[in-house]
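The listed protein sequences derive, respectively, from chains A and B. Just so you know, this note's numbering puts 65 at position 65 of the first sequence, and the rest follows in order with no gaps. If you want this note's numbering, it's the 1-based position in the second sequence plus 131.
Hints should not be assumed to be uniformly reliable.
Just a few of them, taken from the derived set where beta-carbon distance is under 10 Å, the chain B residues facing chain A [stated by the list, open to error]:
id, residue
1, Gly148
2, Gly169
3, Trp189
4, Ala233
5, Leu234
6, Ala240
Label-pair restraints from in silico Cβ distances [said to hold, decoys possible]:
id, chain 1, residue 1, chain 2, residue 2, range
7, B, Gly193, A, Trp13, 38 to 44 Å
8, A, Thr91, B, Leu214, 35 to 41 Å
9, B, Lys133, A, Thr106, 35 to 41 Å
10, A, Val121, B, Leu219, 37 to 43 Å
11, B, Pro138, A, Ala105, 39 to 45 Å
The set of hints was computed from the structure by calculation and includes no laboratory data. Note that CB positions come from ideal geometry on N, CA and C, so glycine has one too.
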Amino acid sequence: MTRKPYVRPMQGWWRRDPFFVRYMVREVTALGVLAYAIVLAVGLVRLAQGEAAWNGWLQTLRSPASLVLHAVLLVSMFVHAKSWFEIMPKTMPMILPSGQHIAPATITRSGWAATVAASIVLFALAWWWRR
Amino acid sequence: MKRSNAPIFWLLFGAGGMLSALLGTMLVFITGLAVPLGWPLPADLMSYPRMLAFAQHWLGKGFLFVVVMLFAWHGVHRIFHSLHDIGLPTNAAAKVACYGTALLLTVIAAIALLSIGF
Numbered sequence: 001m002t003r004k005p006y007v008r009p010m011q012g013w014w015r016r017d018p019f020f021v022r023y024m025v026r027e028v029t030a031l032g033v034l035a036y037a038i039v040l041a042v043g044l045v046r047l048a049q050g051e052a053a054w055n056g057w058l059q060t061l062r063s064p065a066s067l068v069l070h071a072v073l074l075v076s077m078f079v080h081a082k083s084w085f086e087i088m089p090k091t092m093p094m095i096l097p098s099g100q101h102i103a104p105a106t107i108t109r110s111g112w113a114a115t116v117a118a119s120i121v122l123f124a125l126a127w128w129w130r131r
Numbered sequence: 132m133k134r135s136n137a138p139i140f141w142l143l144f145g146a147g148g149m150l151s152a153l154l155g156t157m158l159v160f161i162t163g164l165a166v167p168l169g170w171p172l173p174a175d176l177m178s179y180p181r182m183l184a185f186a187q188h189w190l191g192k193g194f195l196f197v198v199v200m201l202f203a204w205h206g207v208h209r210i211f212h213s214l215h216d217i218g219l220p221t222n223a224a225a226k227v228a229c230y231g232t233a234l235l236l237t238v239i240a241a242i243a244l245l246s247i248g249f
C-alpha cells in the first residue's frame, strides 16, 4: 500500500502579493473575452434562424441580467486592453533597424493610443450606419 | 522530430489578443449596452433587416467570423495556461476541453454565417 504523497497546497497563493493579484485579475479577463465570443456566436445562430429568433436575442440583450453582464464584460475588456499593451514590451520587444530598442513606455502608450483610435473609428462607423 | 503545434495556438492567441484589445471594449459597449439601452445609439441599429444585410455582405460576414473565432481562441488559450495557477491539471483532457470549445465556437459561427447566405 502506498501512502498518499504530500502535495503542497496552492490555495490562495496569489493573494500573498499585489503583483500576483494583478496577474490574476489580468488572467481572469480571458474569461470575459471568451464569454463575449459565446454571446456573439449565439447571436449569429439566432440571426441565421430568422427574424423571430433574432428579436428574441435582442430582447435578451435588453434584460437587466444581460446589461449587468455586459457592464462587467466592458470593465473586463478595458482591463484586458490596458494590460495587453502593458506587457507588450515583454512579449514583443521591438528593435529599430538602427539597433536601438524602443522604450517600453513608448510601446505601451502607442498600443493604448491605437485602442483609443480604433474605438473612435468603430463608434463613428456605428454612428454613420445608424440612419 | 515531431513539429510542435504550439505556434498555431500561439498565433491565434496573439491575433485574438490584439484584436480584442483594439476593438473589444467598444464592441461590448455597442452591442451589449448602447444598442440594448437605445442610447447613445438607436435601438434599431441592430434590427433584423440591418443585421441580416450586415452578415450577408462579405465584409460584415468576414468581420463577424474573425471576431468570434479569434476572441474564442484567445480566451481558451489563456484559460488553458491559467489552469495550473489555480491548481487544476493541464493534461490532454484539459487541452481538448479548452481548444475544443474554441473549435466548436468557430464551427458554429461558420455554419451560422454560411446559412445566412450571401
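Each hint tested on the structure:
1. Gly148: holds, 6 Å
2. Gly169: Check passed: Cβ of Gly169(B) comes within 9 Å of chain A, closer than 10 Å.
3. Trp189: With a closest approach of 15 Å, the Trp189(B) hint is violated.
4. Ala233: Result: holds, 8 Å to nearest chain A Cβ.
5. Leu234: With a closest approach of 12 Å, the Leu234(B) hint is violated.
6. Ala240: The hint holds - Ala240(B) has a Cβ within 10 Å of chain A, the shortest such distance being about 5 Å.
7. Gly193(B) / Trp13(A): 38 to 44 Å: holds, 43 Å
8. Thr91(A) / Leu214(B): 35 to 41 Å: Roughly 20 Å apart at Cβ, these two residues miss the hinted range, so it is violated.
9. Lys133(B) / Thr106(A): 35 to 41 Å: holds, 40 Å
10. Val121(A) / Leu219(B): 37 to 43 Å: holds, 39 Å
11. Pro138(B) / Ala105(A): 39 to 45 Å: violated, 29 Å
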